[in-house]
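Residue 1 is where the sequence shown starts when you use the numbering used here, and the numbers rise one by one after that.
The set of hints was computed from the structure by calculation and includes no laboratory data. Any given hint might turn out to be false.
Only pairs whose alpha carbons sit at most 25 angstroms apart, straight line, appear in this in silico DSS-like list of lysine-lysine [claimed, not checked]:
| hint | residue 1 | residue 2 |
| --- | --- | --- |
| 1 | Lys96 | Lys55 |
| 2 | Lys90 | Lys55 |
| 3 | Lys30 | Lys90 |
Cβ-Cβ distance ranges computed for the label pairs, FRET-style [stated by the list, open to error]:
| hint | residue 1 | residue 2 | range |
| --- | --- | --- | --- |
| 4 | Trp9 | Leu39 | 40 to 48 angstroms |
| 5 | Ser43 | Ala106 | 46 to 54 angstroms |
| 6 | Gly115 | Gln27 | 18 to 26 angstroms |
| 7 | Asp46 | Val98 | 37 to 45 angstroms |
| 8 | Gly12 | Ala53 | 12 to 20 angstroms |
| 9 | Gly56 | Ala15 | 30 to 38 angstroms |
| 10 | Asp46 | Pro22 | 14 to 22 angstroms |
| 11 | Trp10 | Asp54 | 42 to 50 angstroms |
| 12 | Pro52 | Ala109 | 44 to 52 angstroms |
| 13 | Ser43 | Leu14 | 46 to 54 angstroms |
| 14 | Gln68 | Ala114 | 54 to 62 angstroms |
| 15 | Glu25 | Ala106 | 32 to 40 angstroms |
Cβ coordinates follow ideal geometry from the N, Cα and C atoms, glycine included.
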Amino acid sequence: MWCARQLEWWRGRLARERGETPPPEDQDLKLARDTLEHLDEASFADAEARSPADKGPAGRALRGLPGQRLCLSLGGSLFEVLDPERLDQKALEVVKSVEQELADRAVAAYEDLAGGR
Numbered sequence: 001m002w003c004a005r006q007l008e009w010w011r012g013r014l015a016r017e018r019g020e021t022p023p024p025e026d027q028d029l030k031l032a033r034d035t036l037e038h039l040d041e042a043s044f045a046d047a048e049a050r051s052p053a054d055k056g057p058a059g060r061a062l063r064g065l066p067g068q069r070l071c072l073s074l075g076g077s078l079f080e081v082l083d084p085e086r087l088d089q090k091a092l093e094v095v096k097s098v099e100q101e102l103a104d105r106a107v108a109a110y111e112d113l114a115g116g117r
């Protein structure tokens, strides 16, 4: 998931460098990454992680979850919200889109070289 998130950032940066509009950021990937990245800010009680504050930067990702909490028990979904298979599919879509763009550019570069351009 982290790798797909990084690819999203770089895909956006590449688009901006080319003067193009970056593709929209996937909010499910962002929510999952931000929540896990900032879990050290959480208050833990009753098998749940909650934001330590009602506002401000600390715990902001946790406040973005439904119920403003992360259930720490294992179940069929992540954060009781995200379907892991759907999240995996979204991450894979990001990776495939970057791979396809790289492949297309490689073919174009080869054609330019073969054509003497």
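Hint check results:
no., hint, verdict
1, Lys96 with Lys55, "37 angstroms, violated"
2, Lys90 with Lys55, "30 angstroms, violated"
3, Lys30 with Lys90, "11 angstroms, holds"
4, Trp9 with Leu39: 40 to 48 angstroms, "20 angstroms, violated"
5, Ser43 with Ala106: 46 to 54 angstroms, "49 angstroms, holds"
6, Gly115 with Gln27: 18 to 26 angstroms, "43 angstroms, violated"
7, Asp46 with Val98: 37 to 45 angstroms, "41 angstroms, holds"
8, Gly12 with Ala53: 12 to 20 angstroms, "30 angstroms, violated"
9, Gly56 with Ala15: 30 to 38 angstroms, "32 angstroms, holds"
10, Asp46 with Pro22: 14 to 22 angstroms, "40 angstroms, violated"
11, Trp10 with Asp54: 42 to 50 angstroms, "35 angstroms, violated"
12, Pro52 with Ala109: 44 to 52 angstroms, "51 angstroms, holds"
13, Ser43 with Leu14: 46 to 54 angstroms, "39 angstroms, violated"
14, Gln68 with Ala114: 54 to 62 angstroms, "58 angstroms, holds"
15, Glu25 with Ala106: 32 to 40 angstroms, "26 angstroms, violated"
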